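A.B. asks: Using this note's numbering, read the sequence shown as starting at 53 and increasing by one per residue.
In case anyone wonders, no lab produced these hints; they're calculated from the structure. Please read these numbers as outputs of a predicted model, since none were measured by experiment. Don't take every hint at face value.
Unchecked claim - Only pairs whose alpha carbons sit at most 25 Å apart, straight line, appear in this in silico BS3-like list of lysine-lysine:
#1 94 - 66
#2 66 - 90
#3 485 - 163
#4 521 - 485
#5 149 - 121
#6 418 - 401
#7 128 - 485
#8 149 - 547
#9 189 - 235
#10 131 - 163
#11 639 - 668
#12 223 - 247
#13 446 - 149
#14 176 - 223
#15 614 - 95
#16 446 - 394
#17 553 - 466
#18 235 - 446
#19 379 - 433
#20 585 - 272
#21 553 - 127
#22 94 - 149
#23 202 - 291
#24 182 - 202
#25 66 - 95
#26 507 - 419
#27 194 - 235
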Amino acid sequence: MENFLLSLIYGISKIPSNKREVFDRLDKLEAIEKYQSKFRLKKDFFIGYISKSYSSIKVGNRDVVAFLKTINPIKKDPKIISRNIDRILPNDIVLAKLSKKGSLRKDTRAKVKIIEVLHRNIDKCIGILKVYKNEYKIFNLKTQEKLPIKVSQKSLRTLPLGCMFEISDNKILNVIGLIYEAKNDLEITLKSYNKSLDFSKEVLEYANSFDFEIKTSDFKDRVDLTNLPFVTIDPDDAKDFDDALFYDGSNLYIAIADVSYYVTPNSLLDNEAYNRGFSIYFPHTAIPMLPPILSNNMCSLKKGQNRLAFIFQLKINKKTLLVSDVKLFEGIIKVENNLSYKRANEMLKQDSMLFNLFSLTSRLRKKRLNNSFEFSSNDVKISLDSSFLINDIKLEHELDSNHLVEECMLLANKQSAILMSDNNVGIFRIHNKISPKNMNLLFNEFSFLALKKAKDLYKNILNIQKSIKSFYKKNKDSNILVSKADRTIISYMPKAMYSSKVSEHFALGFDRYSHFTSPIRRYGDIIVHRILKSIIAKDYKNLAFLQSNIEVICSKINFLEKEVSKIELDFIDRKFARYFNKGDIVKCIVVDNNIPCIAKTIPHNARIFLDKSYDKFTILRAEIISSDIESLKIQARII
Numbered sequence: 053m054e055n056f057l058l059s060l061i062y063g064i065s066k067i068p069s070n071k072r073e074v075f076d077r078l079d080k081l082e083a084i085e086k087y088q089s090k091f092r093l094k095k096d097f098f099i100g101y102i103s104k105s106y107s108s109i110k111v112g113n114r115d116v117v118a119f120l121k122t123i124n125p126i127k128k129d130p131k132i133i134s135r136n137i138d139r140i141l142p143n144d145i146v147l148a149k150l151s152k153k154g155s156l157r158k159d160t161r162a163k164v165k166i167i168e169v170l171h172r173n174i175d176k177c178i179g180i181l182k183v184y185k186n187e188y189k190i191f192n193l194k195t196q197e198k199l200p201i202k203v204s205q206k207s208l209r210t211l212p213l214g215c216m217f218e219i220s221d222n223k224i225l226n227v228i229g230l231i232y233e234a235k236n237d238l239e240i241t242l243k244s245y246n247k248s249l250d251f252s253k254e255v256l257e258y259a260n261s262f263d264f265e266i267k268t269s270d271f272k273d274r275v276d277l278t279n280l281p282f283v284t285i286d287p288d289d290a291k292d293f294d295d296a297l298f299y300d301g302s303n304l305y306i307a308i309a310d311v312s313y314y315v316t317p318n319s320l321l322d323n324e325a326y327n328r329g330f331s332i333y334f335p336h337t338a339i340p341m342l343p344p345i346l347s348n349n350m351c352s353l354k355k356g357q358n359r360l361a362f363i364f365q366l367k368i369n370k371k372t373l374l375v376s377d378v379k380l381f382e383g384i385i386k387v388e389n390n391l392s393y394k395r396a397n398e399m400l401k402q403d404s405m406l407f408n409l410f411s412l413t414s415r416l417r418k419k420r421l422n423n424s425f426e427f428s429s430n431d432v433k434i435s436l437d438s439s440f441l442i443n444d445i446k447l448e449h450e451l452d453s454n455h456l457v458e459e460c461m462l463l464a465n466k467q468s469a470i471l472m473s474d475n476n477v478g479i480f481r482i483h484n485k486i487s488p489k490n491m492n493l494l495f496n497e498f499s500f501l502a503l504k505k506a507k508d509l510y511k512n513i514l515n516i517q518k519s520i521k522s523f524y525k526k527n528k529d530s531n532i533l534v535s536k537a538d539r540t541i542i543s544y545m546p547k548a549m550y551s552s553k554v555s556e557h558f559a560l561g562f563d564r565y566s567h568f569t570s571p572i573r574r575y576g577d578i579i580v581h582r583i584l585k586s587i588i589a590k591d592y593k594n595l596a597f598l599q600s601n602i603e604v605i606c607s608k609i610n611f612l613e614k615e616v617s618k619i620e621l622d623f624i625d626r627k628f629a630r631y632f633n634k635g636d637i638v639k640c641i642v643v644d645n646n647i648p649c650i651a652k653t654i655p656h657n658a659r660i661f662l663d664k665s666y667d668k669f670t671i672l673r674a675e676i677i678s679s680d681i682e683s684l685k686i687q688a689r690i691i
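My request is simple: use the sequences and hints to build the entire structure.
C.D. replies: This is the structure in structure tokens:
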């Protein structure tokens, strides 16, 4: 159903017989128009799912706030202003219409009214056992709504309070466990978003049907580069090695796992990858987009193993630093070493290949930063113990080896975008300029710097960054302050997204850009590989076939990308809610001075809600008042 509705947003010439009923309903509601011999959804209509949340400020009864998780290609999910939405379930697909009071301007959140439920999905959620008016009742863990489940008090009272259930269509499927047990957090997060940890039996059998051994003699049409000492450079806990590098002083080889060889169009694996969209990463594990036999083994560029790869061979002029020659081909490689970023960093001055490559990428980086932004990062790495509780939190700092890999990946991604745009087909990663309105708001945020605005948007942001570094130079927490200031700048920029149309990437300073380098964990990269293979093979028939569905794929992966970010954040918030206890004293920095005032703890980067409003970027000491594992809200007061 969702795929048909996605197609309808962009236009469809023929209506499938099994979708005629829903199409006729949309047409009757005057939501359909005819455009260039295609039927499509009118611009002021939206399709999506209800997302309910509640006010974090308890003033009497909590007010419900609802948004439409739309599959339409817009930047912000619209706010629902319809009043009677209690009977609409989170998984129902609904039709909404732009309110007369609404707007589709770039910097505003549209307001919509629900018109009709198009498709009732089975309502799935997590229920939690609580006492309500002296009776045991089951509540929706996410929305805190009481569920109309018919279970006797006698049966419920045999279970401990805080017991959680998997609920489907208001029926208990199974008992998950107690909310107080940290081992249940992953299951809570995944089931809250209807995500599965496991792959179906059919998909696993399909994945296991491939020949494990890659013999060069079986792939005579591929370029054999198994004699070149490729290396991978990844985090120390990585299992899926997407990319490998080799530089001979003249040619830079960027080899990417050839996932599209295994994941063919409309196969079981393809459908699974399309529906998952991305791998999901947690501190202690990952939920891969592809079965582990592929993501961690057959596609992963492991040391000493022959692997299929899609390879860019780039010749870069050492004076101009421009790419003077490009070759793209299917090959076979054998990685000499799987290096961690730390180990690669230690080897930069010892290993001649890495030293020469670092010398080149350092110059490429310096040149690139003349036209792009560098945002400081204070990412946190969380470790869990055997009880699934946080036992270590470390600040991650970028190393020279990170920058080396980054520049190589940027080169490959940019070259893939050039090839696709030259052939008028592709999936591009676009990032629009910051709007004049948001630039004004950004200057208001940093009014204490007393900066004068320039006409050039790029120069304005650079001036803010430069002034922030100067302003906090002598502050002992300068790194934290600069990092949070950069996060604020990013929050006023449009979000990067996937598009079938070529456009600039403002933050990177590129006129065109794509994602080519991570097909093990991003479905869009697989499609890019298919397109590029068709281009170099001059298979225009297949290229036309791929092009016909690209807009739908872009909308799908844009939707899933946002959802995956929420899933990963939900799990982290859940762990922090267990980590902090009433009475804990924390250092924090204010990141949002609206009501409620929000701060981030230092160095954990956990979100806490303060008792009063304080100026943004103020660093304070706070005492934890409460930490609620159900709502995931940590309340604190300043001391």
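A.B. asks: Name the hints, by number, that the structure is in violation of.
C.D. replies: 13, 19, 23
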